[in-house]
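Single-letter residue listing:
There are 2 protein chains.
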Amino acid sequence: MSKRNKQRNGKSRQKGPDLPSNVLRVTPLGGLGEVGKNMMFVEYETPNSLDSIIIDAGIMFPENDMLGIDYIIPDFGYIMDRLDTIRGVIITHGHEDHTGAITHIMESVKAPIYATPLTRGLLEVKLKRAHLLDDITLMTVQAGDTIRMGPFQVELFHVCHSVPDAVGLGITTPVGLIVHSGDFKFDHTPVDNWPPDFAKLAEFAGRGVLALFGDSTNATTPGWTASETVVDDAFDAVFRRARGRIIVATFASLISRIQQVANAAIKHGRKMAIVGTTMVDNVKMARQMGYLHIPDTMLVDLNEALHMKPKDVVIMSTGSQGEPSAVLGRLATGQYRQLEIQQGDTVVLSSHPIPGNEEMVHRIINRLIHRGADVIYDPIAPVHVSGHAAQEELKLLINLLRPQFFVPIHGELRHLQMHGRIASSLGVPEDNIAVIENGTILTFTPDSMTIGERVPGGYVFVDGAGVGDVGPAVMRDRDMLGRDGFVIVSLTLDHDTHELIEEPEIISRGFVYMPEADDLIRGAQNAITTVLNRDVALPLNDLRGRVEGALEKYFYSETRRRPMVFGIVHEVVR
Amino acid sequence: MSKRNKQRNGKSRQKGPDLPSNVLRVTPLGGLGEVGKNMMFVEYETPNSLDSIIIDAGIMFPENDMLGIDYIIPDFGYIMDRLDTIRGVIITHGHEDHTGAITHIMESVKAPIYATPLTRGLLEVKLKRAHLLDDITLMTVQAGDTIRMGPFQVELFHVCHSVPDAVGLGITTPVGLIVHSGDFKFDHTPVDNWPPDFAKLAEFAGRGVLALFGDSTNATTPGWTASETVVDDAFDAVFRRARGRIIVATFASLISRIQQVANAAIKHGRKMAIVGTTMVDNVKMARQMGYLHIPDTMLVDLNEALHMKPKDVVIMSTGSQGEPSAVLGRLATGQYRQLEIQQGDTVVLSSHPIPGNEEMVHRIINRLIHRGADVIYDPIAPVHVSGHAAQEELKLLINLLRPQFFVPIHGELRHLQMHGRIASSLGVPEDNIAVIENGTILTFTPDSMTIGERVPGGYVFVDGAGVGDVGPAVMRDRDMLGRDGFVIVSLTLDHDTHELIEEPEIISRGFVYMPEADDLIRGAQNAITTVLNRDVALPLNDLRGRVEGALEKYFYSETRRRPMVFGIVHEVVR
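From first to last, the protein sequence lines are chains A and B. Residues in the first sequence are numbered consecutively from 1, following this note's numbering. Residues in the second sequence are numbered consecutively from 1, following this note's numbering.
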């Protein structure tokens, strides 16, 4: 951390004998540093006991230069060392960045999971696919409920977010009350007509809040995040104007958005078709549980929809993040078997690009336009609003709760820092604000907060079936291979004389276009021959090294590229 | 293109005998489709003559999935077939996306380059590095000048942009007057106090404009782009507040921004150090030519700066796009030898991320914060404004010129489409608007515009010393290698029996971490043995194919990854 924090740390840390024996420790996990995502470990320690709870278990999407990585999970090492202390796992809402790692931790954690009904439904879909559902206790709780877990008493309070049934947490511990905001915004007119629980926040304030852990995702956004009703109006306008089919793409877990599209469809007399496995599953579950209100008569399957008049149909799909393999991505390249974009279609991208996805999203928009679609996206029209609180809302939360200590969570370091500044501007003393990177242990007593060391370990790459086996060395190789490819040269040498017996065989991919690289290959063979003639007396391994070195040099001088070069040598006894 | 355009095309195309014998052809080049950048080819043809000019020669930065590519240039095939018709090359301003390909075309084009003094200076730096300067005629022109080139009479008019000395073009042809906006915004209070040349635009309108080719970069941005004075105020605030060093990063060619930083430095009594080769060269040149007004006494070199009091210094550098190898990127990772970010430093990123760079820029911001810097970037403070016209300015230009035909240029298809809609909303008939992808030939007569075919060829990748040798096949391989790496298995078999003589040698990179993959490798060796035992009677080539297939299957079943697998077989006669 910055020097300022180090100083603060040094100043307020209480050493060995002075450290109170009963302390609360809170560690935001979810990967270290800039790729961290949402998870928290809360421990209460006395000389005789250690109890803990886990809040959320999110994944992070890989950045553009993390080649081949499917997703990233936190390093659970710290938790795995304390498995028998865990009293429960609480999931605040059903989005991937809070639930995506649940199967990874529940392979080891034996405590029950607590979640509101919709969140539970979304978790069940995941756990079932991982064949873990039978081994796990899932407890359904409601906003307003209190869960007792060892020394922790957790009160769930309703928050507005872009998925229904989201909660924040008031956690009463022997050291004091800490509040976890969850992902939230203060929407006075939410889709489900369930405004934020201001009363509970006021009640917390009355009891006195030791520390607030606040969602920082939009901390650099000035003002107040627009209400979901803005999106209603935008959809209304789109539906009013569209003459042909409407295709709306969003996240599969954005249940509120699906409801909004359904409302517009009802109003404008269109039937609705859902495409994409996860979205179909989620809609089914959310309707069964009463979180999505779509009459049976409204829904048609895609085949039916394709045989109806274009103006009578709205199709909902995934792929709003530009994923080439999702429905929208395949529509954009004409590779979706059942459905083809046609002149007169209106395509709505109802989500903002996750940072790093902008280019892919724009590419899909351009391709859809190229195919004749009218493409609507923010900022063309406000067909999406964020689910996260902007600066004025963040101020409101802090002022409502008046916490003694403040810890910004959820976001990159730049968001956390800005959130810290906001708290400071409201009068929270600088020393009572902890802008920390994930993995840093915070220790609380009833009147102190100490910034501790970071737990070992960083984030963990998930690639195919492998969890954590791909590390920096493999990533470096992928980067080099992706950039300049490789060349393999296979040499067959006489065992005694080291003479070349056959013409060297050269295999290369990703470096140059081999069918048109005859000159380059001939030059490479000459370079090999030169080395073999010169260094014939060297041991075989050294000879191979010389050949590799000569080829690297030759290829760079000819192409200014640096393919990986490998030599394979076979000796033949003649 | 969309069906609508095709219909329009079909409707208005005039076939063989009807086609007037004297026509103007305009072809926006600069790569096809979504990665296109800024270049235009203008031809006038009569039964006895063909004359042409080139406007701009830009490069495009590679997208995130274009692995290993340095930059992208247009396919010059169409131009190369018409080399002897070219009467001149005009460069509207000195930014990379308008000048970056100049060395590539000037290897073949023998006509002179026309540019304003600063643009010429920036071109000379490039041409010199490519050892082309001696072979080329560079003509200095000024806004207000008229250049006669064959049948074309080109009037340069001053426009405001984020580099001084930028111009738009009024090109009088035998068919009519066409106007090329250049990159522009309508800044009433620009840094160089040289407002847009409204009089010339009004004069063009009086003469009658056949077609306007308008900059669409910000066509999806509502309102009016803020003046550069906004940046002045933001810098003033930053300089007033900063207690330590200030480091400002921007593009090396953003000469106006460098002037603004210098102005703030003068006002607040700081000396200025410039770091980064290109920025140093550009500053030197722009000061010599009188485009940068920085007194000698203001400038110090970096070493001097580092020995001064932090509050007496501002350092200007490159790297605002997150480039890891530029100065700011190296500061963020602590790899800049002379300079280290310290607590109290204020770092200003004075540019917007180019689409696709957001993630890298944010990563650098986070790392700088981590090192203790106070990082200022838009939207934290308006330390950058765009150099391109937003929607209200685009409307103003169209209404000032009242063109008969309108062609949006510069931007992705989504920007061009929006710009077309803006023109349509102002009353330009739909049929007189050509939303076309780069490479499409437009043919003009005094009262018609016809959308023609696209010229063959797309964009060309530049990778190291190779121009155009890396195509789809190599890119596909790089993508696969970057994602899952490769495995090479080298087999030594008995010539007669096809028995394995040595243990198979397995080389792999980018797939799994080999030092910990013993089990996987053993399994692979078993899979090889199984195939060899079973298919021993097959010809050697088929046998190798079987081994590769078996390994691909085995690796996928074990890891859910798909490395490229290659077999190399050596036969040994025993």
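It should be emphasised that the hints constitute simulated quantities derived from the structure, not laboratory data. Hints may be right or wrong, so weigh each one.
Just so you know, same-sequence chains aren't split out, so a pair can sit in one copy or run between any two.
Unchecked claim - Straight-line distance between alpha carbons at most 30 Å, and here's what the computed BS3-like set of lysine-lysine pairs gives:
| # | residue 1 | residue 2 |
| --- | --- | --- |
| 1 | LYS553 | LYS200 |
| 2 | LYS110 | LYS311 |
| 3 | LYS553 | LYS128 |
| 4 | LYS311 | LYS553 |
| 5 | LYS200 | LYS284 |
| 6 | LYS311 | LYS284 |
| 7 | LYS126 | LYS271 |
| 8 | LYS284 | LYS395 |
| 9 | LYS553 | LYS309 |
| 10 | LYS309 | LYS395 |
| 11 | LYS271 | LYS110 |
Going through the hints against the structure:
| no. | hint | verdict |
| --- | --- | --- |
| 1 | LYS553 x LYS200 | neither (69 Å within a copy, 57 Å between copies) |
| 2 | LYS110 x LYS311 | neither (52 Å within a copy, 57 Å between copies) |
| 3 | LYS553 x LYS128 | between (54 Å within a copy, 27 Å between copies) |
| 4 | LYS311 x LYS553 | neither (63 Å within a copy, 47 Å between copies) |
| 5 | LYS200 x LYS284 | neither (32 Å within a copy, 63 Å between copies) |
| 6 | LYS311 x LYS284 | within (25 Å within a copy, 62 Å between copies) |
| 7 | LYS126 x LYS271 | within (29 Å within a copy, 59 Å between copies) |
| 8 | LYS284 x LYS395 | neither (38 Å within a copy, 47 Å between copies) |
| 9 | LYS553 x LYS309 | neither (64 Å within a copy, 46 Å between copies) |
| 10 | LYS309 x LYS395 | neither (49 Å within a copy, 37 Å between copies) |
| 11 | LYS271 x LYS110 | neither (45 Å within a copy, 63 Å between copies) |
Violation of the numbered hints given earlier is confined to hints 1, 2, 4, 5, 8, 9, 10, 11; the remaining hints are satisfied by the structure.
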